[in-house]
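J.: Here are the chains, one letter per residue:
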Amino acid sequence: MRKATPRDPRIDVVETLSLTELTMFCDTNADWVVTLVEHGVVAPVTRTAPEWEFTPTHIARARKAARLMRDLGLNVAGVALVLDLIEERDALARKLAVMGMAD
Amino acid sequence: MTDTAHYQALGIPKNASADDIKRAYRKMARKYHPDVNTSAEADAKFKAAGNAYEVLSDPEKRAAYDRYGADWDQPRPDPAQDPRWQGGAAFDERDINPDMFRSFFGDRFGGGGGGPPDQHARVEIALEDAIKGAKRTLSFQTPQMDNTGRITLQSRTIDVTIPKGIRPGQQLRLRGQGTGGGDLLIEVSFAPHPIYNIEGRDLYVTLPVTPWEAALGGKVKMPTPTGAVDLTIPQNARQGQKLRLRGRGLPGTQKGDLYAVLQIVNPPRLNAKTRDLYQQLAKEQGFNPRANLGV
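Chains as they are written, first to last, in our numbering: chain A, 1 to 103; chain B, 1 to 295.
Simulated from the structure, these hints should not be mistaken for laboratory data.
Treat the hints loosely; a few may be bogus.
[Claimed, not checked] Within a straight-line C-alpha distance of at most 25 Å, the following computed SDA-like cross-link-like pairs (lysine to any residue) qualify: (1) B/Lys27 / A/Lys95; (2) B/Lys47 / A/Thr28; (3) B/Lys135 / B/Trp212; (4) B/Lys27 / A/Glu87; (5) A/Lys95 / B/Ala48; (6) A/Lys95 / B/Arg238; (7) A/Lys95 / B/Lys22; (8) B/Lys132 / B/Thr161; (9) B/Lys27 / A/Arg67; (10) B/Lys242 / A/Met99; (11) A/Lys95 / B/His193; (12) B/Lys164 / B/Ala215; (13) B/Lys45 / A/Arg70; (14) B/Lys283 / B/Pro267; (15) B/Lys22 / B/Ala48; (16) A/Lys95 / B/Asp202.
[To be verified] Pair ranges (Cβ atoms, derived): (17) A/Ala49 / B/Arg67: 31 to 39 Å; (18) A/Asn75 / B/Asn288: 46 to 54 Å; (19) A/Asn75 / B/Gln74: 15 to 23 Å; (20) B/Arg136 / A/Leu92: 26 to 34 Å.
[Stated by the list, open to error] A few chain A residues facing chain B, derived, Cβ under 8 Å: (21) Val45; (22) Arg47; (23) Ile59; (24) Ala60; (25) Ile86; (26) Ala91; (27) Lys95.
Computed from a predicted model, the values in this text were never measured in an experiment.
Quick reminder that beta carbons are idealized off the backbone N, C-alpha and C, glycines included.
Just chain A, with the same shape it has in the complex:
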């Protein structure tokens, strides 16, 4: 776990998580993370490193995927589609806001 210099001595900001740390963080196993990587839901910093490292953007996506799969009974392909569609929807909402048409 790589960390940034803490400003508040009680708080660490987590920069990246290793594959093992990510599986613990998502309360899951390495196979599940590998499946997410195969479906392009998350991607490690480099695929060739001895142990995969994940940046915050991908840690957040993995957590989101874990929650959606658990709460809505989705499989990995379904959750990959949902996450892509949510990103598209948010991008469209921003476009509407720029055009002054947001609700």
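We have chain A already, so just place chain B on it with the hints.
T.: Frame of chain A; chain B shown alone:
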């Protein structure tokens, strides 16, 4: 005693069938899942639907709820099953909420690795909070066992300082602030921003410009999270051209950049004067943007 809050949470009548309940719950879960729906009331509605489903999907719990209402799970003497007359231990199934057990024992024994377990929480902040830093008070419900062996939820609050320059998906580890002395890991997510799109430490803003501003170049006003600035547009700028303002993204040791993505916008109405000017341009310009299309 009648209480219909759980039925209302799922939007179903009191005589709904088990299938209706399952269907209604799935629909509510899809619609109000906090990862899908970012509106303010979604989280509460999702939780209410989950609580309702937990009770109504179990025929025994549902019957108790229909009979006793909101406090259906309180122990009450049942003359027909007085434990004193049956021998054995007094034990009322309704005392145990399976979810509490799971999180209580799951956290304790399933955590992997030694030491006290880590606890997780989420906090949603605005982009402005990441730029200026912010303070948040989080409240938690922690399962605690009292001296009679009953598990109750205890509320506690923690003040968290969100450091300046935090990025979406980063976690804050608060040492020793979790249940039982473990660490508390807080996942930071950003509320969708109406103007800026956040990618890593960089911010993107779509900046509308008129055709003549794009053609002539020059200074236009653009928003930044810390206030409007003048942006110099190059002559003959393209639709979709990206202009970078170095260091105007998220703050931190490695500052992010702010990108303006140009979007050429025509005025909603042409007045006579503008029309004349465009006609003059049309006469004198021989440029054919469709040459590549063979027409």
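J.: Work down the list of hints and note, for each, if the structure agrees.
T.: Taking the hints in turn, this is what the structure says about them:
1. B/Lys27 / A/Lys95: Measuring from Cα to Cα gives roughly 28 Å; hence the hint is violated.
2. B/Lys47 / A/Thr28: holds, 23 Å
3. B/Lys135 / B/Trp212: violated, 45 Å
4. B/Lys27 / A/Glu87: holds, 21 Å
5. A/Lys95 / B/Ala48: Not satisfied, since the Cα-Cα distance of roughly 33 Å exceeds 25 Å.
6. A/Lys95 / B/Arg238: holds, 18 Å
7. A/Lys95 / B/Lys22: violated, 37 Å
8. B/Lys132 / B/Thr161: holds, 11 Å
9. B/Lys27 / A/Arg67: holds, 16 Å
10. B/Lys242 / A/Met99: holds, 18 Å
11. A/Lys95 / B/His193: holds, 11 Å
12. B/Lys164 / B/Ala215: violated, 39 Å
13. B/Lys45 / A/Arg70: Holds, because 17 Å separates the two Cα atoms, which is no more than 25 Å.
14. B/Lys283 / B/Pro267: holds, 21 Å
15. B/Lys22 / B/Ala48: The hint holds at about 14 Å.
16. A/Lys95 / B/Asp202: holds, 18 Å
17. A/Ala49 / B/Arg67: 31 to 39 Å: Violated, since A/Ala49 and B/Arg67 (Cβ atoms, about 60 Å apart) do not stay within the stated range.
18. A/Asn75 / B/Asn288: 46 to 54 Å: holds, 51 Å
19. A/Asn75 / B/Gln74: 15 to 23 Å: With Cβ atoms ~40 Å apart, the hint is violated.
20. B/Arg136 / A/Leu92: 26 to 34 Å: This hint holds: roughly 29 Å between Cβ atoms.
21. Val45: violated, 12 Å
22. Arg47: violated, 19 Å
23. Ile59: holds, 5 Å
24. Ala60: Holds, about 3 Å.
25. Ile86: holds, 6 Å
26. Ala91: Given a least distance of 7 Å, the restraint on A/Ala91 holds.
27. Lys95: holds, 7 Å
The structure does not agree with the numbered hints 1, 3, 5, 7, 12, 17, 19, 21 and 22 stated previously, though it agrees with the rest.
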